Each structure stands twice: as structure tokens, then as C-alpha cells.
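Build out the structure end to end from the sequences listed, making use of the hints.
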Amino acid sequence: MRRNCYNNGVVAYAFKSLASFPLQAHVSARHGGVSPEPWHSLNFSYSRGDERERVLENFARFCGAIGKDPSEPVRTHQIHSTNVAQVGWEDAGTRKASCDALITDAVELPLFLVFADCVPLVIYDPARHVLGACHAGWRGTVDGMASAALRAMNAAFGTDAADVHVGIGPSIGPESYEVGEEVIGRATSLLPGGEKYLKEGEGVKDVLLFDLWQANIDQLTAAGVPEGQIELSGIDTARRTDEFFSHRAEEGRCGLFGLLTWLEPRGQGHRSQFEI
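According to my numbering, the sequence shown holds residues 26 to 301 in order.
It should be emphasised that the hints constitute simulated quantities derived from the structure, not laboratory data.
For clarity, every value in this text was computed on a predicted model and none was experimentally measured.
Just to be clear, a hint being listed does not mean it is correct.
Said to hold, decoys possible - Dumping the calculated DSBU-like pairs for lysine-lysine here, alpha-carbon to alpha-carbon at most 30 Å:
{"no.": "1", "residue 1": "K93", "residue 2": "K41"}
{"no.": "2", "residue 1": "K121", "residue 2": "K93"}
{"no.": "3", "residue 1": "K221", "residue 2": "K41"}
This is the structure we're talking about:
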């Protein structure tokens, strides 16, 4: 990913592999907002103790930096599910209930999701010019969030996984994500070869680490996405709390960062994500 700094102090990351497509996908860092500690500073959650007015100002700053009207994005009430909602311009400015992925063919309609260790997925089908945005925590990963989004895009738009390009954003990495019996049990029972995503922590007995990144990559490739069309950011949020919020590393005393993504018009030239 490429780190972009804006005049208002906002910092956001963009996927290099998606830059040539008529698409925008921006993952916010924690800089450029107005929230104090422990949400410092570009926090998008007021369910964690921050004031609503500050969160709204943060969102306006983020949208302003990358050129979107903050009244337009479609949001979700995220519940760590594999529920997918198809949205259009009639949904602009609304929050979709009880889902963790949004899909659309509506040009310039922004989709917005929030994170603090869970995996952001941007799924783009250039053949049909359709877009998916997903939130995959451990539950979403073991239950098949990525494959559920691909199935929904196929059903709604005819997406062929072989055409798809995917960006996997900043999230807790395989060297940081210590898990307990519930995660271990679900991963080994629901993921094909689930044991391979678990390993012992270096120099630590009785601790297992879960590789969310590889689990999502394998889920995508099993569904037919070529591995060469998947970009992994490789940014571990638990080790980069200077840049991103991490629920695990900050013991829940943190904000949420965001993914804002939308389709640009085809065939008219488009702005690179690196030119905004």
C-alpha cells in the first residue's frame, strides 16, 4: 500500500495494485482528527466513549481529504457476520443493519466500514465494474466472509472470481494474534486444513497465533481468485499503533479507523488514488 498525506493532516493508505482501475479505496490512519486520547485522533466510533460531535468532525475531515461528501457513504452496523447487503444510490447516507459487507454497481456511491484489527477486504470486478467492501474478523473469516461476498457479487452481478482483484488492508498480523479455545475450535472445525493457520508463539508455551491473512487469501483463491490478483498490505495493526487503532494491542481503549471505497466512471479517464 501507499501512504498518502493530505493538507488537512489526514493520512490514508491506498492499494497500489488497484491504482490503475476506475476505483477509489482509502484506509484511514489515525492522524488528522480532533479526538483526544485514547481515541487520538481520527476516530470513527462514538460507541467507545468518544463524543459524537468529534467523530462527525473526524469523518468530515476524512471525506474532505479524499473528495467525498460525508453525507453520501453507506455504512453498516457490523456484527461479525457473513451477511452481505447489496446497495444503490437509494441507500446513500444510510446505515445497513446487521451486515459486514456491502456490494454495489452504483458508480460514485461510497461504501464505509470500520476496523481496529479485523481484516478490511476490497473486492473489485473490472469486467463488470462492481465493488465489494468487507469486514472480516476471526468470526467472519472462519465463517467465510470473503467467499460469501464473492457469491453475492456473482448472484447480483454475474461476477466471475477469476476476474476479481482484491486488496487486504491493515489488520492484526500472524505474529500478533494470540487466540484461545473458542477461536481454535472454530478455525479447526470450519476452515479446510484449519490447523495450518495456527502456530505456537515464539518462545511462549501454550499460546497459539492465528493467521487471519493467509486464511483470507486461501479462501479467496479457493473461490477462484488468482493469487496474483490479491494485494496483502502486510501492515500489522497490533504492531503499528502509531498509525492504526488496535483493539488487541490497546486493550480496547482505542478508536476505529475506516475504509472508504467507491467506483469511478469507466471510459472517461479516472483519478488515480494517488492523485487525490
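Q) Which numbered hints are broken by the structure, listed smallest first? A) As far as the earlier hints go, not one is violated by this structure.
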